[in-house]
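Chemist: Sequence:
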Amino acid sequence: MKYLMLVLTEPIADPIEGDDDPTAWVEEHDATGARFFGDRLAPASQARTVRVRRDGTSVTDGPFAETHEHIAGLDILECGSLDEAVQVALGHPMARGGVLEVRPFYDWSEEDA
Numbered sequence: 001m002k003y004l005m006l007v008l009t010e011p012i013a014d015p016i017e018g019d020d021d022p023t024a025w026v027e028e029h030d031a032t033g034a035r036f037f038g039d040r041l042a043p044a045s046q047a048r049t050v051r052v053r054r055d056g057t058s059v060t061d062g063p064f065a066e067t068h069e070h071i072a073g074l075d076i077l078e079c080g081s082l083d084e085a086v087q088v089a090l091g092h093p094m095a096r097g098g099v100l101e102v103r104p105f106y107d108w109s110e111e112d113a
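Residue numbering for the sequence shown follows UniProt numbering, starting at 1 and increasing by one per position.
The hints are simulated quantities; they were obtained by calculation from the structure and are not laboratory data. Fair warning: this is a prediction, and the values are worked out from it, not measured in the lab. Using N, Cα and C, we set each Cβ at its ideal position, and we do this for glycine too. Honestly, I wouldn't trust all of these hints.
Said to hold, decoys possible - Estimated spans, in silico, between C-beta atoms of each pair: (1) 84 / 56: 36 to 46 angstroms; (2) 104 / 10: 41 to 51 angstroms; (3) 31 / 51: 38 to 48 angstroms.
Construct the entire structure; sequences and hints are all you get.
Modeler: In structure tokens form, the structure reads like this:
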């Protein structure tokens, strides 16, 4: 099953000492097949938020909400269970100073059930 792992950072947080280069993590999980895709995102200052409502459209600068964390990157994991995906996430360097959110993709096969 596929899982989305969002990598979030706090723009003003003090980094935890240690190696935050994800290269080794990426190589390991690419080799095992646990990492399907992933990439780093440009800074939140380059984001645009798009809304379409009955009274019109809105395009604003910045992330979608006032939050403490900003999405810094994402990975799509291919794991047998949510627990397995969490174990993969625990090894990511950003787990030590950022926030990782792991969430399963919606199971469309349950729509027909």
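Chemist: Given the hint of 41 to 51 angstroms, is the C-beta distance from residue 104 to residue 10 inside that range or not?
Modeler: Roughly 25 angstroms apart at Cβ, these two residues miss the hinted range, so it is violated.
Chemist: Is it true that residue 84 and residue 56 lie within 36 to 46 angstroms of each other by Cβ?
Modeler: holds (45 angstroms)
Chemist: For the range 38 to 48 angstroms, tell me whether the beta carbons of residue 31 and residue 51 fit it or not.
Modeler: Given range 38 to 48 angstroms: holds, Cβ gap about 41 angstroms.
The structure shown violates just one earlier hint, number 2.
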